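Colleague: Position chain B against the provided structure of chain A, taking the given hints into account.
Those protein sequence lines, which keep their order, are chains A and B. The opening position of the first sequence corresponds to residue 1 in the numbering used here, with each subsequent residue numbered one higher. The opening position of the second sequence corresponds to residue 1 in the numbering used here, with each subsequent residue numbered one higher.
The hints are simulated quantities; they were obtained by calculation from the structure and are not laboratory data. Bear in mind the structure is a predicted one, so any value in this text is a computation, not a measurement. Note that CB positions come from ideal geometry on N, CA and C, so glycine has one too.
From the structure, some residues in chain A lie toward chain B, with a derived Cβ separation under 8 Å: (1) Ala197; (2) Gln198; (3) Pro265.
Calculated Cβ distances over 12 Å to all of chain A for the following chain B residues: (4) Gly73; (5) Ser119; (6) Pro152; (7) Cys171.
Chain B stretches covered by chain A per the calculated footprint, using a threshold of three residues with CB under 8 Å from any CB of chain A: (8) 209 to 222; (9) 242 to 255; (10) 258 to 265.
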Amino acid sequence: MSGSAADPALRVEAVTVSFPTTRDWLGRVRESVTALDGVSLEIPAAASLGLIGESGSGKTTLARVVLGMQSADAGAVYFAGRQLRFDRSRAARRRRSEYCQIVFQDPRTSLDPRLRVWEIMAEGLAIRGGASRPALRRAVDEMAAEVGISARALDRYPHELSGGQRQRVAIGRALLLRPRLLILDEPTSALDVTIQAQVLNVLMDLQARQDLAYLFISHDVSVIRHLCDRVAVLYRGRIVETGRTRDVLEHPQDAYTRKLIEAVPRIRDGGQA
Amino acid sequence: MTAALEIEGLSVSFPTRDGWVPVVREVSLCVDEGEIAGLVGESGSGKSLTAMSALGLLPAGARMQCERLRLDGESVDGRTGREMEALRGSRIALVPQEPMNSLNPTMRIGRQLELVVRSNRRVSSAQARDIAVEYLERMLITDAARVMTAHPFELSGGMRQRVLLAMAFSCNPRVLIADEPTTALDVTVQQEVLTLLRESAAATDTAVLFISHDLAVVSQLCDTVAVMRAGEIVERGETSDVIGRPMHPYTRALLASLPANSPPGSRLPIGEGGAAADSGGPA
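One chain only, chain A, in its complex shape (with noise of 0.2 Å):
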């Protein structure tokens, strides 16, 4: 891979994303929703992101242009310096792949149900090629290590595990293929707090561990402010503010911003109630 380490993980230049929403009878787009909205930001390296936003903002229109799912109408996606092109062909996916993974907010849905959770984990390194069956097997084993999924697990299927369980082996799948930059679609949404609290706690170990960037996507105020460095806001597909968490959360300078802020419930206690 190209570029020093100085190079930002993620760079995302001004990116605009229109969907048609009515077509003349010709097919030619007479009106169109502006998804994304010239947006910008950067991630450096093996630092987090904190992505904040109400349904509708663009959250998962952006992810999806960093995975290159989704092409963009302007701008540009950097990895490590490097643009990203929107292209569908095998190397351009490839380059994606070894550099960005995804984790999605519910592994119900996202692992595979008829394979084998090792298998699942697998898939990635199976896909890129060039390693035998018991290679394969090895590099799970270390990685289920890593991300504290037992042993007997493995050769379970997805629906024999806990929420928990299942979004261990969702990081797992992801970081096999050595990312530098990881994408976290809300990925704690669905757990219970104590099961969030297990899964942070990896994501945390696995980023001081390795040199792992991460877009932290989430509606939780209170999850991002405890992961990630930096912070943006999303509203109908700007960003409208963004900074260093602290300042961001406690003097919020967009209006709304701090209404999104003031809206969190807080734990509101004896002693101050």
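Modeller: Using the frame of chain A, we list chain B on its own:
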């Protein structure tokens, strides 16, 4: 204050190959008129089943045992399905988690509200529609006329949840069961819906049993709270006591696992609660 909902010694079990497995064990709850009582717990703790027992809406096959189940001072224990049906709406109502799954997707909102109103009051269709509009407006829906003619898919999640609140309150229930009513909503919308729920319940002296996994929401909204784990209530009391000075290790573990209660970037404490709860995924 009189108890609007009294549950004593409630147990629910399900049949399996290895016999009856209890999922709710000896649960007792009491909600007074005008009180908002929180019932918190993780997935699989039995909080929803407890609420569904009070509504008489347990899944087929479930076996329920109860020493006492009283609604508005009247015993409803041992009533048949048809007898419970008559009580639902007028005495006890439900606001569910996902409004899209509880509204009929093929029927306009106005018609659905009209049916609910007329199942509880002897009024004409036109009168029922007037009542429906009135309740929509109470839920701060300014364009009630448009909402009446809309299908559920045309409304936002927050709007759908307001329609369900209007539907529930239009029957003047004495007890309202709110089962994670804002979990599917954005935080700004959640705040609006919770305010509506609190104000409507206060205005009509309705007892609310508020089921949630969100301790922050419960600490803001509820007068009292009961914490459920593995089918049992492990701790209960005034909300400020339970949240401010939790006595049970499980309640402490729940509170400690919240990222907001730890310094940013620190490892989150993993209590014994987590290990036990990790046996099952979220419902």
